[in-house]
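Go by the hints and put chains B, C and D onto chain A.
Residue strings, one per chain:
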Amino acid sequence: MTSPAAPSSFPSGLPSSPGAHVRAVHDDFHGDLLEVSMGPHHPSTHGVFRMIVTLDGERIVRLKPVFGYLHRNHEKLGEQTTYLASMPYTDRLDYLNSMTNNWAYAIAVEKLAGQAVPERAEYVRVILAELTRLLNHTCLAGFLLQDTGCSGTPLMYAFREREKILDLFESLSGSRMMCNFQRFGGCRLDPTPEWLAAVRQLVDGYGRFLDEFEALISGNEIVMARTQGTGVLTPALAISAGVTGPMLRATGVDYDLRKVDGYGVYPRFEFRVPLGAHGDTYDRYMIRILEMRESIQILRQALRDLPAGPILDPKAKNRGFRPKPGEAYGRIEGPKGEIGFYLISDGSPNPFRYRVRPPSFVNLTILEDMCLGQTVADAVIILGSIDIVLGEVDR
Amino acid sequence: MLGTGLLQGLAVTAKNLVGSFHDPERYVTMEYPEVKTKLPENYRNFPFLVHDDPKDPLGSLRCVACTICETECPPQCIYIVMDRDEKGKALKRPKVFDIDISVCMSCQICVEVCPFDAIKMDQHYEIAETNRFQGLLLSREQLSKSNAYYHQLHPTEAAAVDALLAEQKAKQAAAKAAKAAPAAKPPAPAAPAANPPPPPAPSAEAPKPPTPPAP
Amino acid sequence: MTTVLLCLALFTVAAAAVAMAMRNLIHSALLLVASWAGIAAFYLWAGAEFVAFAQLLVYVGAISMVVLFAVLLTRHSRLDFDREPETRGRVRLALFTGGAVCGVLVAAVLGTAPSSVPAAVPSLTVRQLGLALMGPHAASLLAVGVVLTVALLGGVVLAASARHSDPEDAP
Amino acid sequence: MSLPGQLSVLFPLASGLGASSPLAAVLPASDSALERLPLTLRGLLTGWLPASWQWLANSLIAIVVLIVAFASLFALLTLAERKILGRVQNRPGPNRAPLPFLNLRTYGLAQPVADGVKMLTKEDIVPDGADRVLHFLAPIALLAFSILTLAVIPYGRLLVALDLDASVLFFFAAGAATELAVFMAGWASRNKYSLLAAMRALAQLISYELPLLLSVVPVVLMAGSLSTSVIVERQGEWWLGFLPRWYVFTPWGLAGFLVFFVASLAESNRSPFDLPEAESELIAGHLTEYSGFKYALFFMAEYFGMCALCGMAVTLFLGGWQAPLPFLSFIPSYLWFAGKLLALLGVFMWIRASFPRLRIDQLTRLAWKFLVPLALINLGTTAFWSLTADWAGLLQPLRWLIAAGLIAGPFLLLGRNLSKGLGPRTYRYAA
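Chains as they are written, first to last, in this note's numbering: chain A, 1 to 395; chain B, 1 to 215; chain C, 1 to 171; chain D, 1 to 431.
The following block holds chain A by itself, in its conformation from the complex (with noise of 0.2 Å):
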C-alpha cells in the first residue's frame, strides 16, 4: 500500500486541542444558554442530519452534530454480496456523483486482483469523473447560496445544468444518478461519437454559465459579506482532522490525489491545483468555481486525445469472480475529497471486509470547530459548505 507522499506545506506544531475556540464556557446561572434542535426534518440541513446547537444569546457555544438516520448497513451488505453485486450499491453512496463512486470502487477491486485497464477506458473514466466534479460543485454553489437566503434562483441556474450533465449520463449508462457504469477492468459499454460531441458542446457551454454564474454570485457584496470570515479552518486542524478534497485545499494546503497519487491517466494531462489562503466559507466556494475551470481544461484534453480501442479489458472477470486472498485500499479524488475503499478478500466471490471511506464524514468531523463563536445562520452556511450528502456520511 503506498504510503501518500507527505504534503509539501505540512505546518510543524500542531495545537494540542483541536477546537483553539471558547468551549461552551457559560454555566446556567451566568447566562440562560438556549439549545435549539435543528433537524433532521429542517429545510436547511442537506437531507437527515441534526445539529444540536447551544446558544447563548445570537452567538453559538456549543454545536453536537447527530446523524445515522440514513444508514443503510452498506458496508455488512459489501460483504455479503459478490463484489459485481455491490457495485450498483456504490451509486447510493454520495448518490450525486455516483461516477465516481463506482470508479473508486473498481480502482479498489482492480488493485486487490491485480487487474488491468485498457487505455481507452482510462481516458473515459476520467472524462466521466471531471463530468461528476462539474456537476458536484455546481449543486454545491446551488446549495450554499439557497442556505444564504436568496429564494432559489441560483440554485435553478445549477439544476438547469445539472441537468444537460445527467442527460448525458442517462444517454450512457442507462439512467441519471444510479449509473452503475464501471467494471474490473474497463467501462461497461463504449461511448459513441454523437455522446462525445455532445460532452464537447457541453464543455464549450461550460465556460459561459460559470462566467454568469460568477457574475450573479462571487462579486456580490452580500454574499462577500455572509461568507468572508464566516466559519474559518486554520491548516493546521484541516489536516490533523484529515480532512481532504476542496475544503482542505480551501485553507492552502496543497494536497489533490490527482496529483499525488497520479492514479488513472491524469499525469498526462496539465491542470492547476487553485489553493486558498484564509480557509472561510467564501474560499471554499471560490476553490470549487476555479477547479470547475481546471475540469473543463481536462475535459478538453482528455476529449482531445481519447484513444480508440477495447472500453473493457478482454480477460476482465465480472461474474464469479474470486481474487487471491489479499488486502487494498483504492482511493481517488472525489468531487468532495478522498474517497476510498479498503477490501480484503479470502478467495471467496464474496470480500471478507468492504470498508468505505467517504469524504463528508471525515470533512464533517471538524463541523463544531468551525461554528463556534458564530451565529446560528453562520452555522446553517458553513454547513452547506462543508458539503456533505447524508448517504456517503451514514452509508
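Straight-line alpha carbon distances no greater than 25 Å define the calculated DSS-like cross-link-like pairs of lysine-lysine that follow: (1) K36(B) x K83(D); (2) K171(B) x K315(A); (3) K164(A) x K36(B); (4) K55(B) x K145(B); (5) K38(B) x K164(A); (6) K15(B) x K164(A); (7) K192(D) x K64(A).
Please keep in mind that the hints were generated in silico from the structure rather than gathered at the bench.
Just chains B, C and D now, with coordinates in the frame of chain A:
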C-alpha cells in the same frame, strides 16, 4: 464602490428574465403530462423477458431457468422455479419467474450476466400501483414481451443480439451437420427435444459488449 | 361636541384603569399604549393634527417598544413577583400621595366652567407651527434636543460599559 | 335633519375642513374627460345628497375603492411575484390553477383565487399555551395600521382620500405602530423561536425607521410642506421645458430616494432583509404559530405595507401622479401613478429574486453606520441646495457639482468602511 456587485447580479437576473421568453436555452421547463421527455435508447427501468414467437409468449421464452440472474441479482428480487414434466425431468423452461419490481433497482446486472439474452431492460416508468404486493410482483405472464418490442426499445442493441443469436444458430447447425455427416452410418441420435443453444465458453463469462448503441 | 370628548375621556381613563388591574404584565403594557392612543385622539378632537400624529408616532411607535422591551428583558418570572408586606406606614404614604394628586385634579376640573369651550378652533398650518417653533420657542426646542441626545448617549455608554465588564460576551 | 348635524359632530376633524377638502371639490373643466372620470363618477353616485351627507358618502366611497383596489392588487402581486421569480429562474411560474367550472388555460390568473380558497379552508390552529386575545389581535392590528397608511397617498389629481396638512407625518405615525403588532404576534404564540424572531424583527424595524424618516426630511424641506399633494404639485414644473422637475433628478433627491428605497425594503421585511421569515434559521419567525386565515392576513398586511411604502416613494421622489414629459400629460394622472407604483413593486420583486439575506448584525450595522449618516449628510446637502437656489447661470452646474460631491464623498468613505476586509480575492495555484 459599494453597490457594483449587486448591480451586476441584478443584470444577470434581468438577462435571465428576458431570456426566458425567447431563448430556449433559458426556458428549460417541460410541462410533464403534456410534454414527455424523449428517452435515450440506453434508458433502463425494469427488466422483462424476451420471447421469440408472439403466438406462444410463454412457450417461446428464451429463458432456460438457469438461475444465474437469480444468484447475481444484488437485491435478490428474482424468483425462478424450473418447469419439470410429470416424470420430474427438467424442462429448460421457467414454471415460475417472478420479479418484485418494488425491490428491483433496475441496475441491469441480470441483463449483463444472462448468457441467453433472455432478460432485457424495459423503459416504462409510470408504474404507480395501488397494491404494493400483488401489483408490483410481476409474474412470468406480465414479464414476457416479444422480441419486436425489444427492437422497438433498444434498436441497435436488439439488432446486435439478433445477429449474435443467428450466428450461434448457424454455428450450431454447422456443428450438427458435421456431427451428422460422420455419424451417417450409426443411426442418427435422437435429437434432444428443445436443443438449447450451447452456452458460450463457460470461462469467458464476460458480458458481451454489444456494438455501441446510438445515444 | 362634548359627547365625543366624554367618550374619548372615558376610553382613555378606562384603558389606564384596566391596565393597572391586569395580572399579565404584557396586557397591561398594551392597554397603557391604548390609553396613549386615547390621548392622541384628544389632540385630534381639538383639531391639533400635528401634535396628535407626533404623539402617535412617538408614544405608540417608539416608547411602547421601550416599555415592552423593558417588560420582556427584565427577569420577572412568577416567583419573584411577591408583593411587599403592607405595613401601616406604606398604606399611609399611599393614601397621602393619592389624595394630593386627586385634590389637584379635582380643583382643576372644577376651576374651568363647563360651558366655556372655545368656539372657534384656530386652524393652524404646520408651516406656522414650524415658524413659531423656530422663532420664539427655538430655545426650548434646542433644550429638548440636548436632553434627548444626552439620554441617547447615556444609553449607548451604559450598553457599551455593560459589554466591557462582561468579556465573554464580546463576539 | 338632526342626524347630519350629529354626524358632523362625530367627525369634527374632517368635516371641519370639509369645504376645502378635495372630497367635495370639482376639477377644472380644462382637464380631459378621462382625467375627470373618477370624480365625475363619484359625483353621479353622491351628487343628489345634501352637503353634509355628501361628505360622508364620498369618504365611504373612498374607503371602499381603496380597500377593493389594494386587495385585488395584493392578489395580483402574489401572482406577479411568483411569475417573475419563476421567469427569472427559467421556469414558468404558476399556470395550472383552474377556474372553478371551465377548464381553459388561465396562465395562472386563477392562482390568487386558489390561494385564497386554500387559506380560508386551512385549519386555524392556536397553540394552547398561547394568549388567545393577542394571538387574534396581532394580524388585525397589523392590517389596520397598514391600511391607515394608504389614506394619505395622492393617487391622482385631487384623488387623495385624506388631504391633511401633515399627511407625511400621519403616514409614518401609522407605519410606526406596525412594530407593536409584530411584537404582539411574537409574544402571543408562546414559542421561544418566534419570540426570538420577533425581537430580531423589532430590532430591524426600529433601526430602519430612522433612515426612512430622515430621508423624507429633505423632501419636506424643499417642498416646504408636510402635505403630500403639495409635494406632488411642487414636482410639477419642467426644466428647460421638457425635463420633469422630480426630486429624484436632483443629487440630494437621488440619495434620499436610495436611502428611502433600502429602508422601505427593510421596513416591509423584503428580500435582502427578510430575516424574520428566514426559513433557514427560525422557520417562519414570528409567524410560525399562525395558519389559515390569520396567516393570510399577515401576508396581506405585508403586501399592503409594501404598496404603501412604494406609493410614498413615488409621491415623494418620483413626482407622484405627474407625467414625465409635458406632451404626455394627456394620459390621466392616476394612470401615471399606477405605472410608477407597479414599476417600483417590480423592482422590489426583482431584488427579491437576486439577493441573499443579510445577517442580523450586518443588517443593523448597515442601518446605523451607513444609512443614518448618509441621510444626515443628505439633509445638509439639501440645506446647501435650498440656500443656493438663486445662483446665476454659470454657478448652477457648480451648485450641482458641489451637491453631488457632498453626497458622493461620504457615500464612498462609508461604503469602504462598511466593507472593510471584504472584497474579491485572487487565488494562487499549487506549484
